[in-house]
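Which chain is which? The protein sequence lines are A and B, in order.
The numbering used here numbers the first residue of the first sequence as 3 and each following residue consecutively.
The numbering used here numbers the first residue of the second sequence as 4 and each following residue consecutively.
Rather than coming from a laboratory, the hints here were simulated on the basis of the structure.
Glycine included, each C-beta is placed from N, C-alpha and C at the ideal position.
A hint or two may mislead.
Restraint-style ranges between C-beta atoms, simulated for each label pair [said to hold, decoys possible]:
#1 B:GLY6 with A:THR54: 35 to 45 angstroms
#2 A:PRO9 with B:LEU41: 36 to 46 angstroms
#3 B:GLY19 with A:GLY31: 46 to 56 angstroms
#4 B:ARG25 with A:LEU53: 25 to 35 angstroms
#5 B:ALA5 with A:SER55: 22 to 32 angstroms
#6 B:GLU55 with A:PRO19: 22 to 32 angstroms
#7 A:PRO19 with B:SER69: 39 to 49 angstroms
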Amino acid sequence: DAKTTQPNSMESNEEEPVHLPCNHSTISGTDYIHWYRQLPSQGPEYVIHGLTSNVNNRMASLAIAEDRKSSTLILHRATLRDAAVYYCITSTNFGNEKLTFGTGTRLTIIP
Amino acid sequence: NAGVMQNPRHLVRRRGQEARLRCSPMKGHSHVYWYRQLPEEGLKFMVYLQKENIIDESGMPKERFSAEFPKEGPSILRIQQVVRGDSAAYFCASSPSRLNSGNTIYFGEGSWLTVV
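Isolated chain A, as found in the complex (with noise of 0.2 angstroms):
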C-alpha cells in the first residue's frame, strides 16, 4: 500500500467546511483512496472512497488532484458529532488485501 501522510491534528469551527488534507505520494495507478473516520469508543466508519474522480456522497466530498499523489476529504458543514480521527488509506490493486490504517487527523470542531 502507498504510504499516507495526514496531519496529526486540525481545528475547525462548527457549521463551516472542513478540508482535510492527505499526501500519498507513492500511489499507483490503480491504488483506490479510503477515507474512515472513529468515533470515542466505535468503530471505524466509512466515508468515502475513490480512484481518480472526484466523489460526492451524502457524508462528505473527496477531491483527487489530478496527479493522484494527494487528496482532500471535504466536510461541508462541520458538526460537533464530526469530532473524530480520520484516516486516509491506500489499498492496492494487486495483492495485499488488507487496508493498513495509520495514525490519522484527530480533528476538533470548535463550538
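Dock chain B against chain A, hints included.
Showing chain B alone in chain A's frame:
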C-alpha cells in the same frame, strides 16, 4: 440492512482463560477482516479470511491466537490463555469481494476485551 455484528461487545476474562469473539459479516459479504486496537494506539491488521480459508494472517501473533470463518456461521477470533496485554478492542470488518475490485470494507462496533 444489518451491518457487521460483533459479540460480545464487552468481555472480561481472567488471565489464562480463553476468549472467543464472534463476527457476523454484512449480508452478502464473504470476506472478513480482524483488527486490534490497543488502548491509545492505532488499528492494527490481524487476519483476512474468506469462507473456510485464511488468506492473510500476517498480523496475527504466532501463539495463542487463531481465527476461522466456517462455511456456516460467524467468523471466530479465539485467544487462548489470555494475558493482560491482550486487553484491547477487537474490530471485525467485511466486504463483498476483494478490495481490488473497487470495494471497501465496513466495520462492526467492536468487542472490548479486558483481562484481569
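Query raised in the report: Looking back at the numbered hints, which does the structure fail to meet, lowest number first?
Result: Numbers 1, 2 and 6 - these are the hints that the structure violates, sorted from lowest upward.
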